[in-house]
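Participant: So the chains spell out like this:
There are 2 protein chains.
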Amino acid sequence: MANIDSAFLALADPIRRAILARLAKGEATVLELAEPFSVTQPAISRHLKILEKGGLIARRAEGTKRHCRLAKPGLEAVDKWLATLRTGLEKSYQRLDSVLAEMEVKKGHK
Amino acid sequence: MANIDSAFLALADPIRRAILARLAKGEATVLELAEPFSVTQPAISRHLKILEKGGLIARRAEGTKRHCRLAKPGLEAVDKWLATLRTGLEKSYQRLDSVLAEMEVKKGHK
Chain G
560 MANIDSAFLA LADPIRRAIL ARLAKGEATV LELAEPFSVT QPAISRHLKI
610 LEKGGLIARR AEGTKRHCRL AKPGLEAVDK WLATLRTGLE KSYQRLDSVL
660 AEMEVKKGHK
Chain R
560 MANIDSAFLA LADPIRRAIL ARLAKGEATV LELAEPFSVT QPAISRHLKI
610 LEKGGLIARR AEGTKRHCRL AKPGLEAVDK WLATLRTGLE KSYQRLDSVL
660 AEMEVKKGHK
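Protein sequences, first through last, are from chains G and R.
Take the position in the first sequence, starting the count at 1, then add 559; the result is the number in this note's numbering.
Take the position in the second sequence, starting the count at 1, then add 559; the result is the number in this note's numbering.
Here chain G stands alone, though its shape is the one from the complex:
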């Protein structure tokens, strides 16, 4: 399981999310990933390192080229944790519904 702090932190940056959105379309080299951004290649490499630490991408070398693709562990860790929040939010809306329903009943009795 990926480190969940690292996964969320990796997702908290617009360039890193743009890199992930690009990789969602398919594997790409580091050069291809750097192209759309006006940042240096070392800066892109730093972003890729953070994404890798978060379990969101995997890298492999092919000769001198480095290929990147999406990885599952980061998203799985994040999704698993967010399930707690989803359940909590649903419950709180159910509580609100029952409070409102009770208020309606009381109004009807007046």
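Since the hints were made in silico from the structure, they are not lab data.
Check the hints yourself; a few may be wrong.
One copy or two, either will do: identical chains are not told apart, so a pair holds if it fits within one copy or between any two.
[Stated by the list, open to error] Each computed DSS-like pair below joins lysine-lysine, with the alpha-carbon atoms no more than 30 Å apart: (1) Lys665 with Lys584; (2) Lys584 with Lys666; (3) Lys665 with Lys631; (4) Lys666 with Lys650; (5) Lys665 with Lys624; (6) Lys624 with Lys666; (7) Lys631 with Lys666; (8) Lys608 with Lys650; (9) Lys650 with Lys612; (10) Lys624 with Lys608; (11) Lys624 with Lys650; (12) Lys650 with Lys584; (13) Lys639 with Lys650; (14) Lys665 with Lys650; (15) Lys584 with Lys624; (16) Lys608 with Lys584; (17) Lys624 with Lys612.
Guided by the hints, dock chain R onto chain G, whose structure is given.
Facilitator: The following block gives chain R in isolation, referenced to the frame of chain G:
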């Protein structure tokens, strides 16, 4: 829609996630939220501010007490964005499946 950078950043801290997990069980006061942690109340207040900025919690004052509860916009923003990743990962596994299937077919023809 909540600021997505702030939402992911808010989620990237174990104390803030513990606060959210507590709120998933129901509304709580700032004092109740601070109780399980060995951090100062100002530190908890800073965490709550970050969670509020991320659209993950909402606060309301009742006399001198401040109540916190989960909020929807942060989770919605995060979930919407993660959908891109989920689709991308599914597609890449489908591509891998078809590559493997093709390899099997070629092996059969040898």
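Participant: Does each hint fit the structure? Answer for all of them.
Facilitator: For each hint, the structure was consulted:
1. Lys665 with Lys584: Cα proximity of Lys665 and Lys584: across copies only (26 Å, versus 55 Å in one copy).
2. Lys584 with Lys666: between (55 Å within a copy, 29 Å between copies)
3. Lys665 with Lys631: Cα proximity of Lys665 and Lys631: across copies only (29 Å, versus 51 Å in one copy).
4. Lys666 with Lys650: For Lys666 and Lys650, the Cα distance is within 30 Å only inside one copy (24 Å; across copies 53 Å).
5. Lys665 with Lys624: Close across copies (27 Å), not inside one copy (71 Å); limit 30 Å.
6. Lys624 with Lys666: between (71 Å within a copy, 28 Å between copies)
7. Lys631 with Lys666: For Lys631 and Lys666, the Cα distance is within 30 Å only across copies (29 Å; inside one copy 52 Å).
8. Lys608 with Lys650: between (38 Å within a copy, 23 Å between copies)
9. Lys650 with Lys612: So Lys650 and Lys612 pass the 30 Å test across copies only (23 Å; inside, 33 Å).
10. Lys624 with Lys608: The answer is within: 16 Å in one copy meets 30 Å, while 44 Å across copies does not.
11. Lys624 with Lys650: between (49 Å within a copy, 23 Å between copies)
12. Lys650 with Lys584: between (36 Å within a copy, 8 Å between copies)
13. Lys639 with Lys650: both (17 Å within a copy, 21 Å between copies)
14. Lys665 with Lys650: within (23 Å within a copy, 53 Å between copies)
15. Lys584 with Lys624: So Lys584 and Lys624 pass the 30 Å test inside one copy only (19 Å; across, 49 Å).
16. Lys608 with Lys584: within (20 Å within a copy, 36 Å between copies)
17. Lys624 with Lys612: within (20 Å within a copy, 40 Å between copies)
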